[in-house]
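With chain A held as given, fit chain B onto it using these hints.
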Amino acid sequence: MPSLTLTQTYHQPTSTLTVRGEAPLPRQGIEASATPPLQAIQNNFECQLEIRQGETTKTLRGDSVWLKDLITVIDRYVGFQLSGTPKGAFSGTVAIRPLDFIFHRLTVRQGEDRIAQVDLSMTQLYDLLENLSQAAEDLPQLDKLATPPAPAWYRQPPVIAALLAGGIALVAGVGLWLSRRDPSPPPSSQQGQLTVPEASGDPQRRLESTLAQQWQSPPGLQERLVYRVTVDGTGSPLAAEPENALARERRATTPFANLPEVAPDPLPRGARQFRVSLGPANQVEVDTAE
Amino acid sequence: MEPKQTQLDPQAPSLTTATATIKAQLDLLLLGLESLSGEISEAVLAAAKTLNLEEHLGDRVALWRLRNANPLRRTSGGHKKVEIEEARALAKVIAYLAAQQQARIRSTLEQLEAALKQELSPFRQPLVGDYLGEFISHYRSRMVDGDVRDEDSLAELALRILIELLFYSSPRGAERLWKALLSRPEMDLPAGSNLEEGKVESDALPSS
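Residue numbers (our numbering), protein chains in the order written: chain A, 843 to 1132; chain B, 271 to 478.
Isolated chain A (complex conformation):
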């Protein structure tokens, strides 16, 4: 059946959302003279979100499920903020959590092997919500649009939810930042004023502790499985790349089974990389990566 590609772009000062999809070609006559509304889109839906951060622009892409997740999660997250109970929100492909009083970390799946992270200020979050709210009004059929098949792990809530670790419930206040009595340089964020409380621990120790609880070596394992693991500032794993053949082969049996191999690019603020060795008898070693 002949089709027509429809495109709509939503603009706000710090973000631009473009949605695109195919609609059946209108019949000849009066109907053909008008451009069909976005509600006519039925197939091959895709969207692109550009978030401007100073002189750079972060571009994210997804399908109808991704956009629906984004709309739902951002709306719920802002709802938490406005009702005075700020906390993280997530769905299968999207997660967002407060970093502090003003800033938020958005984490999204990008295809099969990438996770992208963008830190948003409050005005950027507002712009994103406005674009998404408008798109949601224009695309009531979003739930019903066909989605290309994806690998099973692609939309696993627990995986994306893990990225909220350390910040889902608590937000640091502005605290001493606001003091006008203090003419000296304010303390750095590493001293705690603008960090999520749980995030203040040593990421290496947290990773070590998490793996010690989770790693159970399979019977018969004689060699070590070595991975290069990327963690965020709280020590939560973001990606794990096998460094030896056995590690690749046995990846599904490790705590890294659901993580992507490729680390976010660019690395989020505070991210670190470690060389992790999982051995027989539930042994775990974590060293700073070279």
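If you're looking for bench data, these hints aren't it; they were derived computationally from the structure.
Here are the computed lysine-lysine pairs in the PhoX-like style, where the Cα-Cα straight-line distance is at most 25 angstroms: (1) B:K387 with A:K929; (2) B:K350 with B:K449; (3) B:K351 with B:K449; (4) A:K900 with B:K387; (5) B:K319 with B:K449; (6) B:K449 with A:K929; (7) B:K319 with B:K351; (8) B:K350 with B:K319.
Predicted model only: the values in this text are computed from it and were never measured.
Coordinates of chain B only, in the frame set by chain A:
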């Protein structure tokens, strides 16, 4: 301490009067707008006229009564009953005024964000500093805990109100504000207010 959860269903059709939290929050949002642009009574009444809400906000006396129903007010207050439709009208007016002041709200917030990125005190930024100064001064003179709350906590409250005003300045702001008001946990009231914790306000309860 965990905030007390409101018993109200966000869609509760039985809610006929505003809770203490709703009354306080509406007054604080007006205080935020006032801190950005100065005296606000005339603007509220003009907005009510434009939005055909004069039935609820027809004159200064009606506005004074609504604002002073805030249990945090020294002149409160908290026992003053506010019908749910009056609260809804005030929410619409607040969103309307926030939209009018969106440029100012946004500029102030952008200045705050830039200051925090550079680890600078918000008080030293012109727009933010003016807003905080006004808000804190109004709060101290009008609210029952104004004398005892420290400056940092008042500044944090002021900035949270500013952030909320940005989201309510949207074309969808009135709906957003109303939804947030109905889902907001019941606040802990400070000592000295007419509705301290543990005292139940009869008009804050949904009719059964």
